[in-house]
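K.L.:
So the chains spell out like this:
Protein chains: 2
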Amino acid sequence: MDPQAVPTEGRPLAGLRVVEVATFVAAPLGGMTLAQLGADVIRIDPPGGAADHTRWPRAASGVSLYWTGLNKAKRSLCVDLRSPRGRDLVTRLITESGPGGGIVLTNAARPWLSYEALSQLRPDLIHLRIEGHHDGSPAVDYTVNAATGFPLATGGEGQDDPVNHVLPAWDVACGLYAAIGLLSAERHRRITGRGQELSVALGDVALATAANLGFLAEAQVNGVTRPRIGNHLYGGFARDFTTRDRHRVMVVALTARHWADLVTATGLRAPVSALEAALDADFSREDDRFAYRDVLAGLAQRWFAGHDLEQVRQALSRTSVLWSVYRSFSELAEDDDVRANPMMGLIDQPGVGEHLAPASPLGTTEARRPVRAPVLGEHSAEILRTDLGLSDHQIRDLQESGVVASPLPEKKGTP
Amino acid sequence: MDPQAVPTEGRPLAGLRVVEVATFVAAPLGGMTLAQLGADVIRIDPPGGAADHTRWPRAASGVSLYWTGLNKAKRSLCVDLRSPRGRDLVTRLITESGPGGGIVLTNAARPWLSYEALSQLRPDLIHLRIEGHHDGSPAVDYTVNAATGFPLATGGEGQDDPVNHVLPAWDVACGLYAAIGLLSAERHRRITGRGQELSVALGDVALATAANLGFLAEAQVNGVTRPRIGNHLYGGFARDFTTRDRHRVMVVALTARHWADLVTATGLRAPVSALEAALDADFSREDDRFAYRDVLAGLAQRWFAGHDLEQVRQALSRTSVLWSVYRSFSELAEDDDVRANPMMGLIDQPGVGEHLAPASPLGTTEARRPVRAPVLGEHSAEILRTDLGLSDHQIRDLQESGVVASPLPEKKGTP
Numbered sequence: 011m012d013p014q015a016v017p018t019e020g021r022p023l024a025g026l027r028v029v030e031v032a033t034f035v036a037a038p039l040g041g042m043t044l045a046q047l048g049a050d051v052i053r054i055d056p057p058g059g060a061a062d063h064t065r066w067p068r069a070a071s072g073v074s075l076y077w078t079g080l081n082k083a084k085r086s087l088c089v090d091l092r093s094p095r096g097r098d099l100v101t102r103l104i105t106e107s108g109p110g111g112g113i114v115l116t117n118a119a120r121p122w123l124s125y126e127a128l129s130q131l132r133p134d135l136i137h138l139r140i141e142g143h144h145d146g147s148p149a150v151d152y153t154v155n156a157a158t159g160f161p162l163a164t165g166g167e168g169q170d171d172p173v174n175h176v177l178p179a180w181d182v183a184c185g186l187y188a189a190i191g192l193l194s195a196e197r198h199r200r201i202t203g204r205g206q207e208l209s210v211a212l213g214d215v216a217l218a219t220a221a222n223l224g225f226l227a228e229a230q231v232n233g234v235t236r237p238r239i240g241n242h243l244y245g246g247f248a249r250d251f252t253t254r255d256r257h258r259v260m261v262v263a264l265t266a267r268h269w270a271d272l273v274t275a276t277g278l279r280a281p282v283s284a285l286e287a288a289l290d291a292d293f294s295r296e297d298d299r300f301a302y303r304d305v306l307a308g309l310a311q312r313w314f315a316g317h318d319l320e321q322v323r324q325a326l327s328r329t330s331v332l333w334s335v336y337r338s339f340s341e342l343a344e345d346d347d348v349r350a351n352p353m354m355g356l357i358d359q360p361g362v363g364e365h366l367a368p369a370s371p372l373g374t375t376e377a378r379r380p381v382r383a384p385v386l387g388e389h390s391a392e393i394l395r396t397d398l399g400l401s402d403h404q405i406r407d408l409q410e411s412g413v414v415a416s417p418l419p420e421k422k423g424t425p
Numbered sequence: 011m012d013p014q015a016v017p018t019e020g021r022p023l024a025g026l027r028v029v030e031v032a033t034f035v036a037a038p039l040g041g042m043t044l045a046q047l048g049a050d051v052i053r054i055d056p057p058g059g060a061a062d063h064t065r066w067p068r069a070a071s072g073v074s075l076y077w078t079g080l081n082k083a084k085r086s087l088c089v090d091l092r093s094p095r096g097r098d099l100v101t102r103l104i105t106e107s108g109p110g111g112g113i114v115l116t117n118a119a120r121p122w123l124s125y126e127a128l129s130q131l132r133p134d135l136i137h138l139r140i141e142g143h144h145d146g147s148p149a150v151d152y153t154v155n156a157a158t159g160f161p162l163a164t165g166g167e168g169q170d171d172p173v174n175h176v177l178p179a180w181d182v183a184c185g186l187y188a189a190i191g192l193l194s195a196e197r198h199r200r201i202t203g204r205g206q207e208l209s210v211a212l213g214d215v216a217l218a219t220a221a222n223l224g225f226l227a228e229a230q231v232n233g234v235t236r237p238r239i240g241n242h243l244y245g246g247f248a249r250d251f252t253t254r255d256r257h258r259v260m261v262v263a264l265t266a267r268h269w270a271d272l273v274t275a276t277g278l279r280a281p282v283s284a285l286e287a288a289l290d291a292d293f294s295r296e297d298d299r300f301a302y303r304d305v306l307a308g309l310a311q312r313w314f315a316g317h318d319l320e321q322v323r324q325a326l327s328r329t330s331v332l333w334s335v336y337r338s339f340s341e342l343a344e345d346d347d348v349r350a351n352p353m354m355g356l357i358d359q360p361g362v363g364e365h366l367a368p369a370s371p372l373g374t375t376e377a378r379r380p381v382r383a384p385v386l387g388e389h390s391a392e393i394l395r396t397d398l399g400l401s402d403h404q405i406r407d408l409q410e411s412g413v414v415a416s417p418l419p420e421k422k423g424t425p
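Heads up: the protein sequence lines correspond to chains A and B, in order.
The working numbering applies: residue 11 is where the first sequence begins, and numbers increase by one.
The working numbering applies: residue 11 is where the second sequence begins, and numbers increase by one.
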């Protein structure tokens, strides 16, 4: 990779070089986000892979679809970090990488990899560490989510048990905050010449988000704990309905216009007006729609139950009503719209085969093409040769002594 | 605000100036993320506020805690965008804002606010538009979530109905991607002198994330639809348990070490070993832990059911086991740890009162202090005077003709 690479609209981060020493979701997603916008992100793994290398889901070959999903577009260097020679290689990779380099993303607390140690060698170092909690204690998405209030507010009103999320939303948000942190620090460095040390804790991302959305203030200021309201939207009118042919649809009326269109499309003007008069309510107001949501949903459900999905689509498609059909991941994967989405493209991932995968969700004027994840150690030799200037002899020596690993020839796959 | 403001470690985005013409969650969260790192973010609202200005939850005064949560640290300009004079003011604010300006964040498709129109006046314009779907059709978090597979994979195995999330995770992620897009484009501009047009669709953020985490590949490649598994973690051992004194705890054993520590702490070595021998299984392996999760959870649950929370805490605190206690938003708000968190601080929000709120989750060497949200139009006069150079006479004229609004004196609150 040419560290002097010039940014373009589709690769605005070209010239940026990040060394990622991390596992699981948050940090790798942050690194991948930057890689998919043109940054050169080198992911460091121990020979044979780290703890996340075999995480579910896996392809029949044993390759982790989780790993290949979260590490697209990166380069892979496999090096034994228990060895002083291995640590020295990574240290040089970080500190000797030109003006766009000297950037570390990690989720572990290794003294040799710390800001203190590395900034001695590279004074303008940018170092971001993802933590579980701000005090350094460990946490994962699921433990943070439990402690932040959402599982006890999820599910129907009769629900007693906490409901965990399937999407590790805090890992995802944390990884994105890490990308924001690195880009912000790089801006600061470009302008002032100074590097810096940053951190972001999974627990803080969850706490901040719960506060940003008003949940924490509501509890502090109103003395209210957000109740369980099933699939309803808090403070408005939105809910799931079942069609005659047993499809489930989610319908959202956020504004007075959405609501008016929904009432018209479902032919409910008469009963809704009668209710408004009898209850002295005004359902064009969100508050009243929410207060009487069960009544209004009851009326609407009869309409949905009397129409097939295709009829529902006809009735709602010419309106402002926001709605969608619930579907499974399998149905999502088979959807022609997904195939046709400019963000999606085919990648041929060794051990997995050809399948649709996404490039960055950020669209620009340049066409997007996803780049597959590396095979473990795929770029070890290239990095040692091109980025660190080692000779073939030196590289072979490191491989033979197990300090560095490259894939066996038959596993290499198409670059 | 001095557009020449020099970045610092705690305010790495000082000198960046963003004009935000957007509502609801995604774009405002993106803008706030930048504002909390030092960018000057001016949020534009119509006089009286936009559709999100009264969203739940609300304080007793009627002020929206959702709005005040999502718009911290911004400046507020209230201007009638239906008026040509109003549009001209915003156009000038965007295009005449010095080298750190010329940046627009929006979630609406207004022709006068488009990249095409504005880049005529400011060739290096950076313009990011958040959309529902990539084809421009509208969507909101809840409709996107339904269509992306998660609600049908959430909840217990007996669950039939879709389970919506309470956290609008796609809004949150989309806003963070928008911040990443703006920072990336600013880097590109700083290096090449060129601006650009970007977009990010809520639907694409959800689709990309489902793919990045392996859900889409699993469906395409393995022909498997992710089943419902309640509060279990897919592919490992993690679940909720109930203590003797009726507390719910989430326990996660991701690695062999976590598992060994959990088995030791719960005194289950003997039955677990007996099972391993009888089943020819090895529970130090994640696959086997997952396959036999119900058996292992059954054993563990008896231990938790026989111990109070305090005893559980004693037993697990000296181990590597990852765990937490489920709590409500109210319990979260009352937690001393939250008060003591360096990210949190007291803000005095007009119409709400004093309460704990978060600064950026990104920690640097500088102390973090949250800055409250503006009152609607709080900075109208200041922006017209200082940023646009208008005279007091011109400002009064705009206010009297209703093109621009400022708060009534008694609503202003402490700056």
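You may find that some hints are simply not true.
[Stated by the list, open to error] Here's a subset of chain A near chain B, in silico, CB distances under 8 Å, partners left out:
1) G58
2) G72
3) G79
4) W122
5) S129
6) Q130
7) L131
8) D134
9) G146
10) E196
11) E228
12) T253
13) R254
14) Y302
15) L309
16) W313
Because the hints were derived from the structure by calculation, they are not lab data.
Glycine included, C-beta positions come from ideal geometry on N, C-alpha and C.
K.L.:
It remains to establish, for every hint, whether it holds in the given structure.
P.N.:
Structure-based check of each hint:
Given the 8 Å rule on beta carbons, the hint for G58(A) is violated: about 15 Å separates it from the nearest Cβ of chain B. Restraint check, G72(A) versus chain B: the minimum CB separation of about 11 Å is more than 8 Å; hint violated. At a threshold of 8 Å, the smallest CB-CB gap from G79(A) to chain B is about 5 Å, leaving the interface hint in force. Contact between W122(A) and chain B, as hinted, is not supported at the beta carbon level, the nearest pair being about 21 Å apart and thus beyond 8 Å.
Hint status for S129(A): violated, given a least beta-carbon distance of 12 Å to chain B, over 8 Å. Contact between Q130(A) and chain B, as hinted, is not supported at the beta carbon level, the nearest pair being about 17 Å apart and thus beyond 8 Å. With a least beta-carbon distance of about 19 Å to chain B, the hint placing L131(A) at the interface is violated under the 8 Å criterion. Given hint, D134(A) at the interface with chain B, is violated; its Cβ is 12 Å from that chain's nearest Cβ, farther than 8 Å.
The interface hint given for G146(A) is broken, as the beta carbon of that residue sits about 11 Å from the closest beta carbon of chain B, more than 8 Å. Residue-level restraint check for E196(A) holds (minimum Cβ-Cβ distance to chain B is 7 Å; threshold 8 Å). Because the closest C-beta pair between E228(A) and chain B is about 4 Å apart, less than 8 Å, the hint holds. Proximity of T253(A) to chain B is violated relative to the hint, the smallest CB-CB distance being about 13 Å (cut-off 8 Å).
Proximity of R254(A) to chain B is violated relative to the hint, the smallest CB-CB distance being about 17 Å (cut-off 8 Å). Nearest Cβ of chain B to the Cβ of Y302(A): about 15 Å, over the 8 Å cut. The hint is violated. With a least beta-carbon distance of about 19 Å to chain B, the hint placing L309(A) at the interface is violated under the 8 Å criterion. Interface hint status for W313(A): violated, as the beta-carbon distance to the closest one in chain B is roughly 18 Å, over 8 Å.
When held up to the earlier numbered hints, the structure conflicts with 1, 2, 4, 5, 6, 7, 8, 9, 12, 13, 14, 15 and 16 and fits the remainder.
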